[in-house]
Each structure stands twice: as structure tokens, then as C-alpha cells.
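Undergrad: This is what each chain is made of:
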Amino acid sequence: MSAIGKVEPGGQNISDAIEHIVNGAQEQALHAETSTGLDHRKLVMWIFIASESIFFAALMATFLIYKSKVPPEEGLHHLNLAVASANTFILLFSSLTMVLSLQSIENGKKGRMIFFLIATALLGLVFLGGQVFEYNELITNGISFDTNLFGSSFFTLTGFHGSHVFVGVIWITMLIIRALRGGITEHNHLAVELGGLYWHFVDLVWVVLFTIIYLI
Amino acid sequence: MATNVLAMPRTYARTGLWSWITTVDHKRIGILYLVTAVAFFIIGGIEALIIRSQLAVPANTLVSPSFYNEIFTMHGTTMVFLAIMPLNSGFGNYFVPLMIGARDMAFPRLNALGYWLFLFGGILLYSSFFLGGAPSAGWFGYAPLTERAYSPTYGIDFWILSLQLLGISSITGGLNFIVTTLNLRAPGMTINRLPLFVWGTLVTSLLAIFAIPSISVALFLLLFDRHFGTSFYLPSAEGDPLLWQHLFWFFGHPEVYIMIMPPFGIISEVLATHSRKPIFGYAAMAFAFAGIAFVSFTVWAHHMFATGISPVADAIFSGMSFVVAVPTGIKIFNWLGTIWKGSIRLTTAFLFAAGFIGQFTIGGLGGVMLATVPVDWQITDTYFVVGHFHYTLFAGAALGLFAGAYHWFPKITGRFLNERLGKIHFWLTMVGMTMVFLTMHYVGVLGMPRRIYTYAPGQGWDLWNLIETIGAFTIALGVLIFVLNILTSLRQKATVGDDPWDGQTLEWATSSPPPVYNFASMIPVNSPRPLWDAKYGPHSEFADNPKKIELSGGGKAQIHLPNPSYWPMVVAFGMSVISIGIIFGADTNWLILPVGIIIFFAGIIGWLAQPAS
Chain A
1 MSAIGKVEPG GQNISDAIEH IVNGAQEQAL HAETSTGLDH RKLVMWIFIA
51 SESIFFAALM ATFLIYKSKV PPEEGLHHLN LAVASANTFI LLFSSLTMVL
101 SLQSIENGKK GRMIFFLIAT ALLGLVFLGG QVFEYNELIT NGISFDTNLF
151 GSSFFTLTGF HGSHVFVGVI WITMLIIRAL RGGITEHNHL AVELGGLYWH
201 FVDLVWVVLF TIIYLI
Chain B
1 MATNVLAMPR TYARTGLWSW ITTVDHKRIG ILYLVTAVAF FIIGGIEALI
51 IRSQLAVPAN TLVSPSFYNE IFTMHGTTMV FLAIMPLNSG FGNYFVPLMI
101 GARDMAFPRL NALGYWLFLF GGILLYSSFF LGGAPSAGWF GYAPLTERAY
151 SPTYGIDFWI LSLQLLGISS ITGGLNFIVT TLNLRAPGMT INRLPLFVWG
201 TLVTSLLAIF AIPSISVALF LLLFDRHFGT SFYLPSAEGD PLLWQHLFWF
251 FGHPEVYIMI MPPFGIISEV LATHSRKPIF GYAAMAFAFA GIAFVSFTVW
301 AHHMFATGIS PVADAIFSGM SFVVAVPTGI KIFNWLGTIW KGSIRLTTAF
351 LFAAGFIGQF TIGGLGGVML ATVPVDWQIT DTYFVVGHFH YTLFAGAALG
401 LFAGAYHWFP KITGRFLNER LGKIHFWLTM VGMTMVFLTM HYVGVLGMPR
451 RIYTYAPGQG WDLWNLIETI GAFTIALGVL IFVLNILTSL RQKATVGDDP
501 WDGQTLEWAT SSPPPVYNFA SMIPVNSPRP LWDAKYGPHS EFADNPKKIE
551 LSGGGKAQIH LPNPSYWPMV VAFGMSVISI GIIFGADTNW LILPVGIIIF
601 FAGIIGWLAQ PAS
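Chains A and B supply the protein sequences, listed in that same order.
Each residue of the first sequence is one higher than the last, beginning at 1 in the numbering used here.
Each residue of the second sequence is one higher than the last, beginning at 1 in the numbering used here.
Hints are not guaranteed to be accurate.
[Unchecked claim] Some chain A residues judged to face chain B by a derived CB distance under 8 Å, without partners named:
hint, residue
1, F115
2, G142
3, L149
4, I216
[Said to hold, decoys possible] Which residues of chain A face chain B? A partial, calculated answer using Cβ under 7 Å:
hint, residue
5, I47
6, K69
7, D146
Hints in this document: simulated from the structure, not taken from any laboratory.
Given the structure is predicted, the values throughout are model-derived calculations rather than measurements.
Virtual Cβ for every residue (Gly too), placed ideally from N, Cα, C.
Using the sequences provided together with the hints, build the complete structure.
TA: Written out as C-alpha cells, the structure is:
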């Protein structure tokens, strides 16, 4: 699936050319084709994701250092593994719907794509709801952002991830609006691919977070 | 190499203030970067003169201790983030697209956003002087000194937020350089034919996108500590101040190479051109860039030997730090190989480049000394360290940038800088910097600690400090002459031809200054020095029969250029207002934050709604 960055040398030029005409609302290549054969936006997305990885790595390092400093009774034991597991499943499922939406538009099925985009955004919102539920539970149990190092680093790490999910939901909503207004077609769907790249990255980060926060 | 005059796609203002505000042309953005960064370089230099005036004689009370702390903090922060990095970005913006034969950067508006974030970030940082006091905890901002209990003014908050803006600016710039270099190369310009300045900028950009997120996290945590009641760096609540140092130096050490690698590239171009030889060991030079970049992520704790990390960690980080000397040594020997038996012209650009080799080597050797743990323990936090890093950043980055300025000024403006004034500038700089920074090594070994406001007489430091101060003013005189040189040159007519230095790379294959579309057509690229091949290569018939490849759109009636746009500035302005809102939000004006958010989103929507080209 090209959602994970399959390069189609040559094949992209036609869609690029059409994009030049159809879609004026995005950065355009000044040259008709690029040296690598990859669209600028796709390349920059991958490099941006690389940069973001370091951002989350630094946050994870902070969490791991402080997690061991706080006795489990004052931190770890209050986490809700059941909710987090359900959330993990939901977010992973949303990656599937994202892939299906891209596959739909690649086959020219626009309605199906919009359906799966809406499903993805809703799953993202459910995930955020689950996070709010867990936050609420933790605060009721006396662990908040400024109680202790566990609370601070837990809320910082999951909060930055949650805000990325939120940005993703807005992004997908904008894709839906654009699709409804006819801005995304079978031959002009790079925007869906880019949104997908971001969404899969955010999901992948959660898999790592789930492991280091809840499992180890 | 006259370029055809082609019809422009749209009519819009090409002169006046508005045209600069809305510009997305990489050359104009490059000029904006350079001019703004020179202004900050002068401000940072004035701060250096204040520091040196205070330290000129023992027991001096020229400025107050708290002002002194503000000044040395602002000097460091300014020179790193507002002078050297943006000067590199300025040359990169102007010359990377020209050197690879592109019409512009890959994302012209993102490029403009980077500039406006840099300008507003700088203004934000300096506004702290008028809004309750500048930061005064050093450019490295060690916690817990930066915590609210020890730095109660807003100074540190301004520092945090402006560094975040500058970080975003550097990341967007880095993304843009990487995509541009990979995607917009002219036909034949393979990766292993990139000019070395482009290599330097490419590798620097990779460093920037991987290093800056680490300081972003560090700054966020500090902000949370200061405003939201966390205790990430507060030892009194089990927090770990060393976490700051790890996160900071994981950024901070690659940052050193972010500042020095583009000047490495400039030096390579200048030495080759002015020795009229190809660069010696091109492939080794390119690999050395990559090698330094890789190793730079494995040495950060050599800034922390004195903090009591384990002996095993000391040994590993010390060993890796020695490894840096290998690719750096390769570069120095290759530069020597480049000028060896060349037809050298002793231009000012060449002199600065040659001076760079000698002086920077001293800086490198000081680095090897400091990488040795016992030596570091002995001289850490003394003026030896200050002398060392000024030998890498002044003798390294600044000399390289001066070389670039004399080398490329004719291309940017169509005018030469005066060579006589340039040589005076060069010798004043050489003599001045030796007086300041070499002396610092000595006075550091004598035990003078850094970051002190004043010192008692009779410790054997007095004479050396006076010499340092005289040296600092000598450098300043040189910079003054440099600025006057620029101003007088700009009043002359633009008479320099396309290729005044008999250059090797593509930026000399178009007019000086280049047209807005850079190239109408492109010469074939078969090596890292396409223009040289075209002029003197074995199959060259260039003089009478220039074989040119048509670029896309080149043969047609018009070249498609990106639209000018003020939305990047609006977005950057919104982000700056958000920053001010965060600084004052909790305490006084909660209204600033929502206003900033509204401006920011208005800018984003305007940006998305506007066609790029």
C-alpha cells in the first residue's frame, strides 16, 4: 500500500501534472519532475517524521528516568491498563481505516474513502476520549501534572502524544471537507497519503508509549 | 553566459518594502537573512566589547554584576542563534539553489516563514531588556539556575520562547534544504557531484532536524517547571538537573557542527576557486562531513565530565570525542592539498580561508586537550574553555563566513568589495583574535574562571586581560572597516561580470546578481565543477558554442515562479504573539494568548487558501 511510501517512478509525473492544474492550493514543484522522483511534500513528510521521532525519544527518555524514581504506589499502580489496552486497539484499528480510505480513492471510490476518513477521525476522537477518562481517573486518585515526577512526566509524554492525535483529527477533518468539495480525486490524492503518513506515525508512537508506560 | 530576458508570468511589485515583506524568492530571503544576521552580529559584538571593557582591569565596576550576567548570556545566545546560524542560512538560501541549478527552494513560502520566525524570535529575545530584564543564566541555561526560584524575572521565559521560535525556524529551514538538495538538482548533478558547500548545508540540515527536537523538549520541561508547578529539574523535589544537561548537550554538541559545517563548505569552495585547482579529495571531504555529523551525536557528555557521570561514561565520551579529530583532520589535510601547487591569488577571500585553516587547527587541538578527562577536570569552567570554543566559532565559523562574504559579494551585488580595505580587515582580525583568544587559553591555565564579573588584582591575570580587551577592540575595528567596505561598494556601479573569480560551480554560470529565475538554461553537469569543465574541460567548446540544456519552461514564453505571499509573516507573527501570551499569560494579560492563536490560525488559513504559484 502506498500509504507507507511506495515509490512509483514515472507513474507519479502524470498525477503531478494534473495536480498542477487541479489543485492550486498546495506547494508546487517548480520543475516538472523531481530528481528523486518523489514529490516534495512526500519527501518532506518523511523527514519531518524523522525529526518528530527525536522529539518523542527525548520525552520517552525523560519518562523512563523519572518512572523508576517514584515508588509504584504513588504512580504506576494507578494506571488503568484496561482502558489503555482498549485505546491501543482503537488507535491501531484507525490505522487500518486510514489505509482503507487511501486504497478506496486509489480505486476511484470516493464515497468509500470519505466513509473511512470519517471512521478514522471518529476513532481518533474515541481514543482522545479514553485518554480524558484515564486522566480524570488519575487526578481523582491524586496524581496530577504537578503532584510528583511520575505525574509530570506521564502527563507531558501522553499529553504531547494526545495533542498530535488531535492535530491528526483536525487534519483528517480538513481532508473530508476537501473531498466533499471535490478537491480529492482518483488521480489527485497525495493529500490523503500525506495525512496517512502522519496518522500512522502518531499511531506507531503510541505503540511504543503503550509498551514503555504500561507493559514494562 | 548572458541569460535571456523572459516574460514574467505575473506582474507584481519588485521593489520597495512590500516586495521584501511578501518575497518568497530564495535570493531575497537569503539577503534578508544575511542583513539581519549581520545586525545581530554587530549587537553581539557590542556585548562582547562591554564584557571585555568590564574585565579590562581588575576590580572594575564599569557595569553592574547583574547587567554583566545579562550581557554575557545575550552575547552567547545572540552569536549562536541570531548571528552564525542565520548567516549560514543566508548563504545557504542564496547559493544552494544556484549551485545545484534550481530555480528556487522546494518550499518557497516555508522558506519565508523560517526567516520571519528568526527575525521575530530575535526581537522577542531582545524585547526582554525592556520588559523586566534579560535572561542571565548563560547561553546553556543550566538548571536549576534557570528555575523560577533563582531566576525570578521574565528573562528566562523570553529566552525559552524565543529559542523555541528559532528552533522551529531552523527545522523548517533544514527540511527545506534537504528536500531542495535531494529533489531540485539540475540534470547530471548527482549526489556525488554536489559542490562541497551544498554538502555542508545538507549535512547541517540533517543535524538540525535531529538535534533541535531535543532542546525543544528540554525547554518545554523548563517552561512547565517555571509556570505549571512541575519539578523536572528541581533537586528539592527529586528532579534531576543533569537531565537538562543531557537534553541540552544532545542538541548543543551537534549545534557546534551546525555552526561550523557550512563554513567548512565555504572554505572548500574559496580555496579551490582561488587556487584555481579542483578540490583535493572530493569524496573524502564529503564522507568527512557525514562522518563528523554521525560522531557529533555520540559525544555530548564531554560537556559534562565535571558533573560526576560514571568513569565508564567518561571514557566512552572521551574516546568518541577523539574520533572527531579523524574526519576533521581529513578536511584540514585536504584543504592543504587543494592549495598545494595551485595558482594562488592572494585575494581577501583566500586570505580568510587560509587563515581559517591555521587558526581553526588551534581550536581543534584545544578540543583534543579538553576531550581528555583529567585535563578537562583541571581546566573546566576556566577561560581555557572560552578560548577554545572561540577558536572554533570565531576562528572557524566567523572566518569562514568572512571568506564567503568576500567571495560571494560580487555574485550577490554585482560589485567587488575593496581588496585593500579587505586586507586591512583580515590582518586586524588575525591579530585581534590571537590577542583575545590565544591569551584566554593561557589565563585559563593560570586559573581564571569563566563567567566572573570581576577579579582581584595581583593573580597574574591583569596584563593578559588588558591585552584581551585591546584585541577585542582590534577585531571590532576590523568589523567596522568591513561594514564600511560593504556600504561604499554598494554605492558603485554593478560592473562585475558573471564569473569574476574564474569560478568552478554553477552560481557563476549566471549573471551577477542573478535574474529572479536564476537560470534560463543549464550547462551540462559531469563533475562537481561543471562551469570549470565547460570552460577548460577536454571536450569544451563552450567559448564559441555553449551547449546548454533547456530547463523546463526555459524555451517557452515564460518561467513559472511562486507567488509572493505575506501569509508566512502573519503566521510567524501569530506564533510570536502566542509566545508573549505564554510568557505573561498566567500572571497579567491572559488576553494576549487567544489573540495570538487567532492571528496564527488566520495566517494558516490564508496560507492554505492562496495558490503557491
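Undergrad: With reference to the structure, classify each hint as holding or not holding.
TA: We went through each hint and held it up to the structure:
1. F115: Where the cut-off is 8 Å and the nearest Cβ of chain B is about 24 Å from F115 of chain A, the hint is violated.
2. G142: With a minimum Cβ separation of about 15 Å from chain B (threshold 8 Å), the hint on G142 of chain A is violated.
3. L149: Holds: closest Cβ of chain B sits about 6 Å from L149 of chain A, inside 8 Å.
4. I216: This hint is violated: I216 of chain A lies away from chain B, its Cβ roughly 20 Å from the closest one there, beyond 8 Å.
5. I47: holds (6 Å)
6. K69: Holds. Min distance 6 Å.
7. D146: Since chain B brings a Cβ to about 3 Å from D146 of chain A, closer than 7 Å, the hint holds.
When the structure is compared with the earlier hints, violations turn up for hints 1, 2, 4 and for no others.
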